[in-house]
Amino acid sequence: MRYFFDELKEGLSIAFAAIRANKMRSVLTTLGIVIGIVSVTLMGTAIEGLNRAFNKSIAAIGADVLYIQKWPWGGGGNWWEIRNRRDLSIQHARSIERNAETVRSVSPTNGTARNVQFGRKLIENAIVVGTDEDFLETSNVNVVLGRFMTALETNGGRPVCVIGSEISENLFPSESPLGKVIKVGGYPYRVLGVLDRQGSFLGMASLDNRVYVPISRFYKEFKSMHGGGLSIMVKAENLADLEETKEEVRGIMRKARKLSPKQEDDFAINQQEIFVNFFNQIGSVIAAVGLFITGLSLFVGGIGIMNIMFVSVTERTKEIGIRKAIGAPRRSILLQFLMEAATLCLMGGMIGIIIAFPLSLIIDQVLPTAMPVIIVVVALLVSILVGVISGFLPAYRASRMDPVDALRYE
Amino acid sequence: MAIIKFVNITKMYQMGAEEVHALQGLNVEINKNEYVAIMGPSGSGKSTLMNIIGCLDTPTSGLYELNGTNVSDMNDNQLAKIRNKEIGFVFQTFNLLARSNVLHNVELPLIYGGVGSSERKKLAKEAIDRVGLGDRSLHKPNELSGGQRQRVAIARALVTRPSILLADEPTGNLDSKTGDEIMGLFDILHQEGNTIILVTHEADIAAHAHRIVHIRDGKVETDEKVTNRRVIRQTSAISA
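Respectively, the protein sequence lines represent chains A and B.
Numbering (my numbering) for the first sequence: 6 to 415.
Numbering (my numbering) for the second sequence: 134 to 373.
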């Protein structure tokens, strides 16, 4: 064992001496590995960012919430059949609310884009959401200022609204929005409260650029009952019994829509899981393609290392002869050159990470992320591996050299 | 006691379409603490013989016993071990590692021999002192004169306490004065009990040995004792 360590130490010192003796050459060869490691780690960081953004967004959907809709998430099914389905209605939501036992709360929601105005300040195409008093619970958001709509207000279709934090900041930069009357699509609404900041969904649509109004008034002023797009949010009593809740809701829905036992469901029960599966599928394809393409540059870097190691072995034929003459076994020569290649690559890997880290901070500006520690560790291990693989052939050739020929080499 | 025993050794090379019979049934025995010079014109098989004695190469047929062990059929790694333990090489071109200092050059056989660090340092320092370079152990070979480099090579050859010292034209790259000093060092090493085999084509140099074996056409031509040995005064050997 101690012998092995002595040999490792010898191999390392030879490696460093060789690299120092050919600084320019070492730098140039290592460049391939540096570029490879930079691109692979950055790709890994970007993928991490994508995952983080997704996980953050997905929390807004809620793991214990079912979305009864016309369209199933993640695609599939017969497009024409789905298109021709009867629309969902608020009555369906009421049926679930009345009959389901494993459901905590139900809220129908529908949305459209309208301009929102207060005084001279205008927000174009904000999302107006019609819903009821249970929305707070089904969507798991909090009110930071004022209060949410009450059952009385939603049932009565009062001209009141609750606004998202972004709307609040833009329309009321220096005053309290409570009690103020804003114009939503031209109609006056009194502001009851402001919701907590939720961020954006998948980095695209902001969840804070919204106005929530009673759904009955929504249908009166913004969209006809037959306009479609209604989504019934059903929050299960218990996440663990989500499947049970799903079956119960399906039964109620089938009954409410008067489906005979032979007919298939003419509605979709969507849940976070579908979204997660769908994303994971796409995400893993993106990750595989991205890492493959960036991995190619690492591969090219490895070929560069192999090339230069062949040169190094040929140049040092005499040295190999001397070492063999004084008793170096094949294993020692093999180890020596493997370590030289691995050291070159490891240095390339470390330089690569040093370069990639500040670049990852730039990515962070666009897509909130951080270079995962595991990526750093894997990148270093991979660069050693690249060194060992690309150094093997040259090292093997060196180890098999005939000492007599090697000594004679000038 | 025979430290080297050659029985009917042959060596054949394939050079293109031609077969070269470098050694053709060579018999020789060398005893412990002998000082033998091997001489011969170029093409005589001298180098081939040296390579086989030094276990750098194996014979095509015949028996080679080194220190009682049959080494004629050994594989590469076994030969490497034998070279490490039993043989100390001194080459015409010194063959030091240019990037390593004197100490590390001398240590190297011990590293491959699996000797621990502190023991290794101690033995290497002893060997360097032995050849009179104690104050140069941290110098690189290119900071030394030719004679000093050859001394480093001798220290490296001695450090494992091998059965034989095998010197191939050790003065070939040195001026005559330094050459004499190196030969003086060999004389001393011989007096201290080392077995020395000297391969040379210079009669002057061969005259330091006790016995001269002449090789011609792959066979022993003559094998004779030296009557009037040339001895360098010992004082000059160390002072250089």
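Keep in mind that a hint or two might mislead.
For the chain B half of the interface with chain A, some residues (derived, Cβ under 8 angstroms), not all of them [said to hold, decoys possible]: (1) Y146; (2) N228; (3) R232; (4) K310.
FYI, nobody ran anything at the bench for these hints, they're computed from the structure.
Heads up, the beta-carbon is just placed ideally off N, CA and C, and yes, glycines get one too.
Evaluation of the provided hints:
{"no.": "1", "hint": "Y146", "result": "violated, 11 angstroms"}
{"no.": "2", "hint": "N228", "result": "holds, 5 angstroms"}
{"no.": "3", "hint": "R232", "result": "holds, 5 angstroms"}
{"no.": "4", "hint": "K310", "result": "violated, 27 angstroms"}
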